[in-house]
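Asks: Single-letter residue listing:
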Amino acid sequence: MEHNGFLQEQKTLEGDLNSDTSHKSSVDFLMNWFRKRSIFVLAYGTGCGAIEMPPTFTSRYDAERLGIRGAATPRQADVIIVSGYCSYKTLRRIIRTYEQMSNPKYLLALGSCTVNGGMYWDSYNTIKKLEDYLPVDMYVNGCMPRPESILEGFIALQKEIGEGKASSWQKYEENYEFYRKNQEAVLGEKVEPSYDADWYLYDGGL
Amino acid sequence: MIVIDLFLMLLVAYAVGFLYYGLYRNITARFQRRFGPPVWQSFIDSVKFFFKEESTSHGWMFYLGPIIMMSGAIMTLFFIPFFSSGDSFSGLSAYGNLFLVLYLLVLGPLGNALGVGTAGNPFGVMGVTRGLTRLFAMELPFYIAVIAIMSLSGSADIATIASGQTTFNAFAYPLLFIGALFSFIGMMGQAPFDVVGAPVEVYSGPASEFSGKFLALLMSQSAIFTFAKLVLMVHLFLGGASGFLELLLKTFVLFILVISFGSLYGRFKTPQSVDFLLKVPTTIAVVGLILATWS
Amino acid sequence: MDLTLFGLTDIVLSLKATSLANFFAMLISFSFVMVLFLAPKYVLTKSFYALLTLLTASLFLIVYSNDYLLFFIGWEVMSITTYFLLSFTLSKEALHKYIIFAMASALSLFIAILMLYSTNHSFLYADAHESFMLLTDVNSILFVVLMLFAIFIKLGTIGFHYWLVDAYEESQNLFTPFLSAVVSKMGVYALIIFVVNITQPAYVLAVMGVLTSIIATFKAIQEDNAKRLLAYSSIAQLGYIVTVLGVADGLGGALYHSLIHTAVKLLLFINVAGIIYVTGRSKFSELGGLIYRMPQSFVLLLIGIIALAGMPPLGGFASKFMIYTSLLDAKYLLILSAVMFSSASAFIYVYKLIYGIYLGHPSNKKLESVKEVPLSFLLPQYIVAIVLVVIGTFPALVVPYFNKILEELNLTAIPFTDTATLMTPYAQYNGFVVIGAFGATFVLVLLLFVSLRSKAKEAKDRFDIAYCGEEPNEGTHLHYGFGMGKELKRVGFISVILKNSSSYFYDFLAKQISALSQMTRKIYSGKLSLNFNIAIVFLIILLWWSLK
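Protein chains in written order, with numbering that gives the first Met the number 0: chain A, 0 to 205; chain B, 0 to 294; chain C, 0 to 547.
I should point out that these hints are in silico values taken from the structure, not numbers from a laboratory. One or more hints might be untrue.
The calculated lysine-lysine pairs, modelled on DSSO-like cross-linking and capped at a C-alpha distance of 30 Å, are [as the list claims (entries may be wrong)]:
1) K282(C) x K498(C)
2) K459(C) x K170(A)
3) K454(C) x K282(C)
4) K498(C) x K180(A)
5) K282(C) x K91(C)
6) K456(C) x K88(A)
7) K278(B) x K485(C)
8) K364(C) x K485(C)
9) K510(C) x K488(C)
10) K456(C) x K189(A)
11) K488(C) x K180(A)
12) K189(A) x K365(C)
13) K454(C) x K268(B)
14) K158(A) x K91(C)
15) K189(A) x K364(C)
Here are the computed distance ranges between Cβ atoms for each label pair [what the hints assert, rightly or not]:
16) G474(C) x P37(B): 54 to 60 Å
17) E473(C) x V199(B): 27 to 33 Å
18) D86(B) x F415(C): 23 to 29 Å
19) I1(B) x E151(A): 51 to 57 Å
So, partial list: chain B residues that the calculated Cβ filter (under 7 Å) puts toward chain A [said to hold, decoys possible]:
20) R33
21) R133
22) S203
23) L214
Every residue, glycine too, gets a C-beta built ideally from N, C-alpha and C.
Please work from the sequences and hints to get the whole structure.
Replies: Right under this line is the structure:
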């Protein structure tokens with residue numbers, strides 16, 4: 000999968016806001032309408048982009064009028080926001096959490112670090128392109144994006160859900176070997192996190 | 000026909016319960032100087048969970064847990080009549096009484112506790128133990144007030160208590176009402192007694208392992224149960240109701256009172272809430288009971 | 000049937016088969032048969048079974064006697080045979096505690112009976128009221144104190160329960176159901192005889208009963224051992240019976256609760272005996288996660304727990320309902336609030352029992368390969384569970400029998416229309432409708448739920464839980480709930496109950512008596528000269544007094 004830098008996520012953000020909608024059946028239309036109107040976001044801030052999430056969900060910018068609210072556990076969540084850089088340590092937990100969410104689930108990638116590494120493009124400890132490890136539904140670029148941008152990203156995500164085009168969870172299931180190969184290449188054979196606090200001593204390194 | 004009666008009661012409780020939850024989110028939002036979601040947002044949330052592709056289950060007891068909870072909520076609803084007289088919307092209340100309803104209030108949470116225990120998530124069990132610990136302290140002022148009212152009305156039948164009030168019990172015996180109101184705030188899951196399902200602190204407590212259609216069932220039973228509890232309080236303290244408009248008005252006023260408390264106060268820890276509930280509301284209720292029944 | 004003792008026509012002994020006696024005899028024989036189901040799985044000597052049969056015979060003597068002397072003979076034989084049965088497995092300390100309390104109970108009972116005899120020269124129940132009326136004021140108070148002291152020890156009322164918990168915990172697993180279900184009921188029978196025939200100290204009984212149920216419930220919450228938790232639960236349930244016997248019309252509720260309590264304790268103790276038989280452990284911190292290895296035991300314990308907590312579909316609610324309406328009728332409103340409070344607190348230890356054993360995660364590897372308990376454990380549990388369900392569905396099934404008992408004792412009967420509706424002056428409820436509506440709702444919701452779009456996917460293994468992004472493994476400590484109730488120590492009102500124990504008082508008493516006896520020991524030193532001097536002084540005093 001190749002990408003063209005910022006132009007790719009620019010297309011996903013702008014290209015679909017005015018297009019026509021077409022649906023498979025009326026049951027699908029109903030389901031997508033309900034899914035679009037109620038979005039539960041997992042309360043998990045993975046990186047420094049998470050600082051912009053609290054203002055978005057509280058009184059100042061009020062994402063709740065769009066039907067978006069926080070959820071405590073991955074079992075209850077629809078959307079996981081990967082906000083900012085992903086160190087290897089965090090990537091293990093994000094993968095475990097993503098796999099515990101129930102389908103249909105969506106991944107919103109916040110910040111430039113998820114596109115091409117952003118500010119940490121030459122770090123030894125972070126991943127540079129999230130799309131290789133987990134399928135992404137919507138990018139919101141910026142460093143960090145302001146709450147207005149996040150809200151615009153959510154509205155675009157809602158539009159995609161309404162049209163039935165946000166199917167990254169199906170992409171994950173169908174191409175599981177591809178994603179797993181990439182994850183193992185960078186995390187070692189055991190992708191799941193070890194519970195022990197001194198994991199880096201017993202696990203054989205990073 | 001009694002089956003149609005029961006079905007209509009269920010439908011009304013479901014619709015009004017979700018409407019009240021939507022209004023609750025709106026009103027809380029206005030307290031916080033913002034606009035909230037549309038009024039039907041809670042209903043959309045629960046239906047969205049019904050449309051999830053798959054839900055994770057942990058065995059047959061986990062599967063049956065939410066179903067027992069829903070049956071408990073529906074049973075509580077059926078044994079509380081909507082109106083203080085007349086045959087319509089009286090459900091099965093002729094075959095039960097107030098003691099039965101007080102015990103049915105605990106049947107649902109017990110089913111939930113069994114399901115949560117089967118999953119074995121430590122956070123879920125922590126939430127359940129908090130709930131049980133808070134339960135006995137929360138029920139004491141409520142029991143004292145209810146026992147006083149039963150003794151004053153001379154009957155344990157809800158319709159008789161509701162229709163036998165010339166002035167509302169809330170104004171005739173204000174101390175009893177205040178004592179019961181503290182418990183009622185806890186029963187509705189509002190601050191300062193809402194430590195059970197604290198969303199991020201204890202990983203949402205009992206709801207931590209439920210996904211998909213289990214969670215949808217939990218939300219639906221919550222709506223039905225809320226309405227049943229509101230109707231019970233209206234019959235006990237606000238003189239019952241003789242028509243739908245009066246019932247909706249009185250339950251709405253009580254609901255607004257409770258959630259106003261909830262949105263203004265912080266949250267007590269579990270030992271703090273037990274300590275407080277065993278001291279202040281209990282004393283108020285006992286003094287109210289002595290004053291009311293002494294003569 | 001009347002007898003005379005050695006031709007002394009003064010002392011008339013008699014046995015009589017009253018309906019009350021028949022009711023308790025039925026409870027005794029039912030428990031005896033249920034307990035014997037477990038016999039094939041325990042290797043016990045013949046003397047054990049001989050003692051058990053002798054114990055049962057003495058229990059029959061207690062209930063069928065019509066006068067206090069035969070009653071006392073039965074009481075003594077019961078205490079002594081229980082001592083021998085307990086001596087098979089109890090530690091020395093627990094055994095000493097039991098025998099001291101049993102002997103104290105027997106002694107004070109005997110003194111009370113002799114006080115009755117001294118005024119009217121008759122041991123019969125029929126003459127007991129007259130004998131009591133003839134006592135002077137001080138003597139009548141003394142009589143009531145002695146009698147209640149004896150009965151409260153047997154019932155395990157708080158303050159006098161020091162022997163009970165250790166005895167239940169360490170006794171033979173086959174014997175504990177019998178102890179808890181029936182031997183404690185002899186205290187109930189004694190209290191009923193006292194209240195009906197002699198006098199009813201209303202407030203004393205009500206307050207002691209309420210204190211018992213509240214304190215014992217909170218002590219049960221703290222326990223880690225399954226048998227100790229059930230022992231404290233026994234004490235609390237008997238506290239309800241004591242409370243309701245302090246009320247004028249409370250006998251119906253007391254009888255109903257005796258029936259339910261017998262059934263429930265049989266079920267629970269046999270279930271725990273099965274667990275100990277299969278896993279060898281009885282502490283919650285060492286058990287856990289057995290639900291999928293032993294589904295039948297789980298369902299049976301669930302039925303027992305629902306009945307113990309007094310929840311509607313099953314029989315436990317019927318007895319609690321009768322107790323509550325009796326208290327409401329007599330206007331004991333604060334007492335009723337306290338009883339309902341302790342009943343609500345019971346939910347915690349009831350959930351702790353089922354969670355610590357069956358739910359959660361297994362505490363060690365061996366628990367993941369246990370098998371279901373053998374049939375001899377399951378069969379008595381099934382029988383008792385069926386009895387509980389039937390009583391729950393038709394709560395007024397036993398009311399005609401209770402009415403027979405009440406009429407014989409010249410008390411007001413319980414109103415009765417049909418077997419499904421339990422009626423009291425304040426309210427009524429229909430057990431059949433409750434259980435039918437619950438069953439129908441459950442089945443309908445289940446059918447709707449199963450046919451929904453979203454499929455239920457099984458979790459991969461027991462570690463696939465939402466654990467904040469981490470993955471627990473074999474070494475992670477996941478069986479948490481067994482420690483529930485510990486935070487109650489920080490609540491002011493309850494920590495007073497939990498931090499104090501009757502052992503402080505009894506240790507203090509024992510130390511004082513030991514110090515006193517150290518002082519008096521000095522009189523009987525080995526020196527002949529001292530004894531000779533004491534004897535001379537004693538003779539001089541005796542001569543002087545006789546010459547006065």
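Asks: The structure should be examined with respect to each hint, and the outcome stated for every one.
Replies: Evaluation of the provided hints:
| no. | hint | result |
| --- | --- | --- |
| 1 | K282(C) x K498(C) | holds, 21 Å |
| 2 | K459(C) x K170(A) | holds, 21 Å |
| 3 | K454(C) x K282(C) | violated, 38 Å |
| 4 | K498(C) x K180(A) | violated, 59 Å |
| 5 | K282(C) x K91(C) | holds, 22 Å |
| 6 | K456(C) x K88(A) | holds, 29 Å |
| 7 | K278(B) x K485(C) | holds, 20 Å |
| 8 | K364(C) x K485(C) | holds, 26 Å |
| 9 | K510(C) x K488(C) | holds, 29 Å |
| 10 | K456(C) x K189(A) | holds, 24 Å |
| 11 | K488(C) x K180(A) | violated, 53 Å |
| 12 | K189(A) x K365(C) | holds, 27 Å |
| 13 | K454(C) x K268(B) | violated, 38 Å |
| 14 | K158(A) x K91(C) | violated, 77 Å |
| 15 | K189(A) x K364(C) | holds, 24 Å |
| 16 | G474(C) x P37(B): 54 to 60 Å | violated, 49 Å |
| 17 | E473(C) x V199(B): 27 to 33 Å | holds, 28 Å |
| 18 | D86(B) x F415(C): 23 to 29 Å | holds, 26 Å |
| 19 | I1(B) x E151(A): 51 to 57 Å | holds, 54 Å |
| 20 | R33 | holds, 4 Å |
| 21 | R133 | violated, 19 Å |
| 22 | S203 | holds, 4 Å |
| 23 | L214 | holds, 6 Å |
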